[in-house]
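For the protein sequence lines, the chains are C and S, in the order given.
Oh and the first sequence: position 257 is 257 in our numbering, straight run, nothing missing.
With the second sequence counted from 1, adding 394 to any position gets you our numbering.
No lab work stands behind these hints, which were simulated from the structure alone.
Please read these numbers as outputs of a predicted model, since none were measured by experiment.
Errors might be hidden in some of the hints.
Claimed, not checked - Some chain S residues close to chain C (C-beta under 7 Å, calculated; not the full set):
#1 R415
#2 L416
#3 N418
#4 R434
#5 R548
#6 V551
#7 S552
#8 P553
Note that beta-carbon positions come from the ideal geometry of N, C-alpha and C, so glycine has one too.
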Amino acid sequence: MSGSKFPRNPVADYLRDVPRSGIRDFFDLVSSRKDVISLGIGEPDFVTPWRIREASQYALDRGATSYTSNRGLLKLRQAISGYVARAFGVTYDADTEILVTVGVSEALDLAVRALCNPGDEILYHEPCYVSYPAVVTFAHGVPVPIPTRRENDFQLTRAMIEPYLTPKSRALMLNFPNNPTGAVMNRRDLEGIAALAVERDLIILADEIYSELTYDGERLSIAALAGMKERTVFLHGFSKGWAMTGFRLGYACAPAELSEAMMKIHQYTMLCAPILSQEAALEALKSDAETESMRDTYEKRRNFIHTALNEIGLPCHRPCGAFYAFPYVGDYGLSSKEFALRLLDEENVACVPGSAFGASGEGFLRCAYATSLDDIKEALVRMGRFVGRLKARA
Amino acid sequence: MDELLKLLRQNAMETPENLARLLNLTPDQVRAKIRDYEQRGVIRGYHAIVNEENLDLDVVHAVIEVKITPERDGGFDRLATRIGRFTEVDSVYLMSGGYDLLVFISGRTLKEVAAFVAAKLSTLEGVVSTATHFMLKTYKEHGIMMEEKDSHERLKVSP
Numbered sequence: 001m002s003g004s005k006f007p008r009n010p011v012a013d014y015l016r017d018v019p020r021s022g023i024r025d026f027f028d029l030v031s032s033r034k035d036v037i038s039l040g041i042g043e044p045d046f047v048t049p050w051r052i053r054e055a056s057q058y059a060l061d062r063g064a065t066s067y068t069s070n071r072g073l074l075k076l077r078q079a080i081s082g083y084v085a086r087a088f089g090v091t092y093d094a095d096t097e098i099l100v101t102v103g104v105s106e107a108l109d110l111a112v113r114a115l116c117n118p119g120d121e122i123l124y125h126e127p128c129y130v131s132y133p134a135v136v137t138f139a140h141g142v143p144v145p146i147p148t149r150r151e152n153d154f155q156l157t158r159a160m161i162e163p164y165l166t167p168k169s170r171a172l173m174l175n176f177p178n179n180p181t182g183a184v185m186n187r188r189d190l191e192g193i194a195a196l197a198v199e200r201d202l203i204i205l206a207d208e209i210y211s212e213l214t215y216d217g218e219r220l221s222i223a224a225l226a227g228m229k230e231r232t233v234f235l236h237g238f239s240k241g242w243a244m245t246g247f248r249l250g251y252a253c254a255p256a257e258l259s260e261a262m263m264k265i266h267q268y269t270m271l272c273a274p275i276l277s278q279e280a281a282l283e284a285l286k287s288d289a290e291t292e293s294m295r296d297t298y299e300k301r302r303n304f305i306h307t308a309l310n311e312i313g314l315p316c317h318r319p320c321g322a323f324y325a326f327p328y329v330g331d332y333g334l335s336s337k338e339f340a341l342r343l344l345d346e347e348n349v350a351c352v353p354g355s356a357f358g359a360s361g362e363g364f365l366r367c368a369y370a371t372s373l374d375d376i377k378e379a380l381v382r383m384g385r386f387v388g389r390l391k392a393r394a
Numbered sequence: 395m396d397e398l399l400k401l402l403r404q405n406a407m408e409t410p411e412n413l414a415r416l417l418n419l420t421p422d423q424v425r426a427k428i429r430d431y432e433q434r435g436v437i438r439g440y441h442a443i444v445n446e447e448n449l450d451l452d453v454v455h456a457v458i459e460v461k462i463t464p465e466r467d468g469g470f471d472r473l474a475t476r477i478g479r480f481t482e483v484d485s486v487y488l489m490s491g492g493y494d495l496l497v498f499i500s501g502r503t504l505k506e507v508a509a510f511v512a513a514k515l516s517t518l519e520g521v522v523s524t525a526t527h528f529m530l531k532t533y534k535e536h537g538i539m540m541e542e543k544d545s546h547e548r549l550k551v552s553p
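So here's chain C without its partners, still in its complex pose (with noise of 0.2 Å):
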């Protein structure tokens, strides 16, 4: 006996091997610096539209302080369906399909622990968000990284796929518009693989919380296609398309007996998202104005920082959603957390490096273009005078 008075191992074995966020190592290093520019920020620079906050203030005014319904208040969950009906074509019962969360990153810890046994495979395209692994990891799951190429646009094939494919393969995880890459589906290649889910008895995890910022192509949810809505679990939320990132509100559709499993979890560990976060959400449903409007500046942001990466000599595919532009640096001897490092360094511009996204974002930069277009300017100024200097000593 020791005697010392800790427990000897107080971490799980499974939690030990998780890495902490490399987004977390790089916060810790730009918060110590004065006057940086950050296009490392994965949230929207505009405030959350006033009449839904003022609505937030009326609910509170009016006494809303209780918890509610487990799935969230009815309805905001009618209002849900109607939403997700007109917008993506798929109908889901407001009773039994749809449960409102605290924010999409429950819907899909919930989702994932509701589906997963341990040792089931779950695979999701990479680069990705930083959660994805992690999340599976916690459900005893086996994260399976299917790697996309820039070559491709960071877009997912049917043929892509097929080779990671195991008989423990039980969930495959899409996120378009993809953060970090920008990347959004064709229809086409979508079919294939809603087909490949159907053939391999998949179920579809759809991440869609930057839908709304589509600025190419057609706005396509995989739930939506024939056959899909069965098998597809439909995750959104309010916090990029309506800027509302700091009330945590998202939701899951899903099949109901999915959805009750879920439920289960949420309703034993959450019990219900915050009342006020639901009302706000209430009223940011009844107008899609602001959100247009955002969508038109993001868009032509969009365009400046794609058209100015590349005239500085970062070459950068056509993000064309979401909003991160995600250009090569490979080309200078520097993986990308040293690139960021010196960025920081010597011109007081913070990226977060591809890999922090995993494996297969190494050589590239991630550049969030959620900020002044002021910002994105003089950022683009700096990032061509420390590109020119790399360029000049190579």
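Starting from the known structure of chain C, arrange chain S on it as the hints suggest.
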């Protein structure tokens, strides 16, 4: 509205090079479009939005509701145009409701504005009555809030 016009209304100082990057055009195309808008009179001028609170200006603004008698030919147009020609007048609008014209005017002092209304505006033939409101403070103009922006800061890096 054309996207170029929207951008110019937000910032008329934006360079043709940047406008071109924002709109996937060439700078020459942008210059040509602007020239065309100017020649056709779609763009009628450019001005800065100035927060006068921060300047020690001797200026007062007033809004005047004007009732007028419409004329057999030309309705309200002749008189509205005539009022608009005074340099003291910034804007003139024909309104529905309890009065006919809404006239924005500015002058150096309250007295000067009052004198303009009494001597020039009310005496015009066809003007039935006026009601003058002096502006005390500007909170928002042309879509721009004059006060400080929301002070909340986002995290510097987030996923």
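Here is what the structure says about each hint:
A least Cβ separation of about 4 Å between R415(S) and chain C falls short of the 7 Å threshold, and the interface hint therefore holds. At about 4 Å, the closest approach between the beta carbon of L416(S) and any beta carbon in chain C falls short of 7 Å, and the interface hint on this residue holds. The interface hint given for N418(S) is met, as the beta carbon of that residue sits about 5 Å from the closest beta carbon of chain C, less than 7 Å. Hint status for R434(S) relative to chain C: violated, with the closest Cβ pair at about 24 Å, above 7 Å.
Checking R548(S) against chain C: minimum C-beta separation of about 6 Å stays under 7 Å; hint holds. Here the hint on V551(S) is kept, as its CB sits about 4 Å from the closest CB of chain C, short of 7 Å. Taking 7 Å as the C-beta contact cut-off toward chain C, the hint placing S552(S) at the interface holds, the least distance being around 5 Å. A hinted interface residue such as P553(S) counts as satisfied when its beta carbon comes closer than 7 Å to some beta carbon of chain C; here the least separation is about 5 Å, so the hint holds.
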